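Taken in order, these protein sequences are the chains called A and B. Residue 10 in the working numbering is what sits at position 5 of the first sequence, and the numbering runs on without skipping anything. Residue 67 in the working numbering is what sits at position 20 of the second sequence, and the numbering runs on without skipping anything.
Think of the hints as simulated: they come from the structure by calculation, not from any bench. Each hint should be verified, as a subset may be incorrect.
To be verified - Simulated DEER-style distance windows between Cβ atoms:
hint, chain 1, residue 1, chain 2, residue 2, range
1, B, D343, A, A157, 44 to 52 Å
2, A, E40, B, S211, 46 to 54 Å
3, B, G279, A, P66, 45 to 53 Å
To be verified - The following residues of chain A were derived to be distant from chain B, with all beta-carbon distances above 12 Å:
hint, residue
4, T9
5, P164
6, L201
Note that the coordinates shown come from a computational prediction; the quantities given were computed from them, not determined experimentally. Yeah, the Cβ is synthetic: ideal placement off N, Cα and C, and Gly gets one too.
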Amino acid sequence: MSTTLGARRLANPLMTASGCAANGQELHRFFDVSELGAFVTKSVMSEPRSGRGTPRMAETPSGMLNSIGLQGPGIQAFVEHDLPWLASVGATVLPSIAGGSATEFAHVAAVLRSSDAFGCVAGVEVNISCPNVANRGLVFACDPLSSAKVIALVREQVPRDVPIFAKLSPDVTDITAIAAACVKAGADGLTMINTLLGMSIDTDRLRPHLGGVTGGLSGPGIRPVAVRAVWQVRAAMDEGRMPTVPIIGVGGVRTGTDALELVAAGASAVQVGTASFNDPTAPVRVLRELTGLLEEKGFATFDEVVGIAHGRQGES
Amino acid sequence: MNDLPTQPVSAARRARVVQEQAELVATTRVGAYQHLTLASPGVAGLARPGQFVALAVGDESSGTLLRRSFSIHKVTPGPSSNGAGGTVEIVVSAVGAGTRWITSRQVHDRIDVVGPVGRAFPLPTAPVPCVLVGGGYGSAPLFWLAGELRERGCTVDIVLGAASEDRLFGVLEARRSCDGVTVTTDDGSAGVKGWVSDVLPDVIDRRGAGVVYACGPMGMLRAVSDVAAAHGAVAQVAVEEAMACGIGICMTCVMPVVGSDGLTRMVRSCVEGPVFRGDRVRWDAVTPTGAVVPPDAVGAPRAVTR
Chain A
6 MSTTLGARRL ANPLMTASGC AANGQELHRF FDVSELGAFV TKSVMSEPRS
56 GRGTPRMAET PSGMLNSIGL QGPGIQAFVE HDLPWLASVG ATVLPSIAGG
106 SATEFAHVAA VLRSSDAFGC VAGVEVNISC PNVANRGLVF ACDPLSSAKV
156 IALVREQVPR DVPIFAKLSP DVTDITAIAA ACVKAGADGL TMINTLLGMS
206 IDTDRLRPHL GGVTGGLSGP GIRPVAVRAV WQVRAAMDEG RMPTVPIIGV
256 GGVRTGTDAL ELVAAGASAV QVGTASFNDP TAPVRVLREL TGLLEEKGFA
306 TFDEVVGIAH GRQGES
Chain B
48 MNDLPTQPVS AARRARVVQE QAELVATTRV GAYQHLTLAS PGVAGLARPG
98 QFVALAVGDE SSGTLLRRSF SIHKVTPGPS SNGAGGTVEI VVSAVGAGTR
148 WITSRQVHDR IDVVGPVGRA FPLPTAPVPC VLVGGGYGSA PLFWLAGELR
198 ERGCTVDIVL GAASEDRLFG VLEARRSCDG VTVTTDDGSA GVKGWVSDVL
248 PDVIDRRGAG VVYACGPMGM LRAVSDVAAA HGAVAQVAVE EAMACGIGIC
298 MTCVMPVVGS DGLTRMVRSC VEGPVFRGDR VRWDAVTPTG AVVPPDAVGA
348 PRAVTR
């Protein structure tokens with residue numbers, strides 16, 4: 006079940022999704038986090054950050070809205086405590102980094118690179134698409150130029166043999182344009198998708214339900230959007246409209262079958278997010294289920310399934 | 048009494064937690080609530096008063112993904128040394144689709160349970176008089192706590208409050224497990240007409256209580272914390288916060304709490320709580336609809352200055 010992401014080979018294609026697994030210690034009580042292809046940490050910024058007020062979540066049909074607001078300890082605490090702990094248990098790590106400006110992203114990447122525990126890092130996920138930032142007009146992934154600037158500055162800070170992945174928002178007119186801009190600027194791969202911007206009204210009080218008013222929609226309810234985004238970008242690669250790079254699929258994966266959808270659409274790895282809130286063992290369960298499905302269908306390797314649906318379009 | 052964490056609690060210091068398919072072995076209507084008994088040996092073998100369980104709603108394909116958290120009313124360890132056969136009891140108020148699903152389960156149905164979660168009520172090392180305060184079904188974990196306290200030689204008084212008589216929980220059990228019982232209702236349908244905070248000063252003073260344990264709505268916990276402080280007692284309050292996961296990974300259940308270093312942080316009530324020392328909660332930032340981030344909290348958004 007091994008998979009290739011840029012210069013790295015991972016033991017298997019299953020990952021946690023950023024923001025849905027904290028930094029490892031909590032889920033390690035339910036399963037060994039080193040069993041995952043990679044553990045994706047909560048997005049870390051330059052300084053400690055309190056996040057938003059409560060309520061921070063609202064349940065939705067087959068999903069949830071959140072307005073956490075990137076609460077976190079800051080990159081210094083992350084490299085001093087969280088990353089060394091993940092390294093100590095043998096985890097392969099994909100840290101997620103965020104920033105309020107392109108230079109903040111670069112600073113976070115530089116501190117990360119200088120960490121003694123950097124050896125466990127198999128790649129860096131660049132979260133340019135969190136909808137829960139104070140100024141949503143500045144979501145980098147809504148603009149090709151802003152996206153490219155962040156990716157270019159982060160690429161300079163991360164060693165060449167460590168791939169960087171741009172995490173994209175589905176809330177754009179043409180996701181392939183943003184994807185192409187990120188790859189041109191130096192992204193070695195793409196993570197799709199981040200949450201969709203949504204909103205819920207408290208119908209007792211007739212006011213916005215979330216403390217942050219709007220929030221990010223996640224869970225099985227958004228899976229078709231993720232499959233569509235992965236499909237579109239993979240098609241753009243196949244058609245030569247942009248260079249071919251690995252895609253990490255994320256959005257509403259709860260079962261092995263859900264993961265297989267993203268893989269067949271073109272994902273070389275799959276992240277499990279909100280499903281972990283329902284079942285803490287979901288990431289390793291999905292891996293087990295996906296492995297079983299591929300065996301059942303007679304595939305010898307994981308790689309041969311990646312993007313397979315594109316060649317079968319219109320088949321009877 | 049234990050101190051509050053100033054940093055997130057490390058996994059090594061956290062108690063063990065299990066996930067199991069618990070069989071419902073009894074379900075009874077009690078006033079406005081449903082009292083469920085689950086065969087959940089793993090949880091029963093580990094739990095302490097003040098901890099809670101997080102229940103999944105529906106099966107593995109349910110469209111309702113988020114877990115519902117309930118404080119543990121009591122546990123009965125199983126007959127064998129490994130805890131097999133142990134039961135966990137909870138009290139549920141059916142207020143939404145998720146809790147209605149849980150309360151409509153029948154005996155022999157299975158429910159996915161994660162627990163025990165959270166930090167238990169800290170117990171005094173000396174036999175000091177204690178007062179327990181429960182609002183509505185928030186009193187559920189207090190009778191088990193009362194037993195533990197009395198085993199340590201503590202005198203235990205309990206104050207049970209609710210909007211009306213049918214929303215009280217455990218009055219009879221209180222008479223069995225506590226040295227003194229006071230009941231209040233907002234409408235006067237049982238006990239003293241008024242709030243728990245109206246009668247609490249007298250109860251604390253009469254016994255010279257050193258610790259007040261409370262569980263219930265936020266407004267009540269704030270009032271209890273204030274009364275306890277004014278009457279020389281330490282308050283230990285178990286908060287009720289909306290939680291998506293219950294295990295510390297979703298970051299939705301945060302509360303503004305002051306650490307021993309004097310700094311306020313937005314901490315998770317599922318793993319750093321649900322029990323906090325009442326004088327450490329930033330009640331000034333807790334409103335009936337949610338908590339705001341105090342401007343002096345660690346990592347609070349900086350005010351725009353020009």
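Note to self: 44 to 52 Å was suggested as the range; check whether the CB atoms of B/D343 and A/A157 agree with it.
What the structure shows: Because 37 Å falls outside the window, the suggested range is violated.
Check: Regarding B/G279 and A/P66, is the given constraint of 45 to 53 Å on their beta-carbon distance met?
Finding: holds, 51 Å
Notebook entry, point to check: Would you say A/T9 is clear of chain B, with no C-beta pair closer than or equal to 12 Å?
Noted result: It holds; A/T9 is separated from chain B by about 28 Å at its closest Cβ, greater than 12 Å.
Checklist line | Outside-interface status for A/L201 - nearest CB in chain B farther than 12 Å | finding: holds, 16 Å
Check: When you look at the beta carbon of A/P164, is every beta carbon of chain B farther off than 12 Å?
Finding: Nearest chain B Cβ is 29 Å from A/P164, so the label holds.
Notebook entry, point to check: Is 46 to 54 Å a correct range for the gap between the Cβ atoms of A/E40 and B/S211?
Noted result: Once the Cβ atoms are compared, 52 Å apart, the range 46 to 54 Å for B/S211 and A/E40 holds.
Violated hints amount to a single one, hint 1; each of the other numbered hints is respected by the structure.
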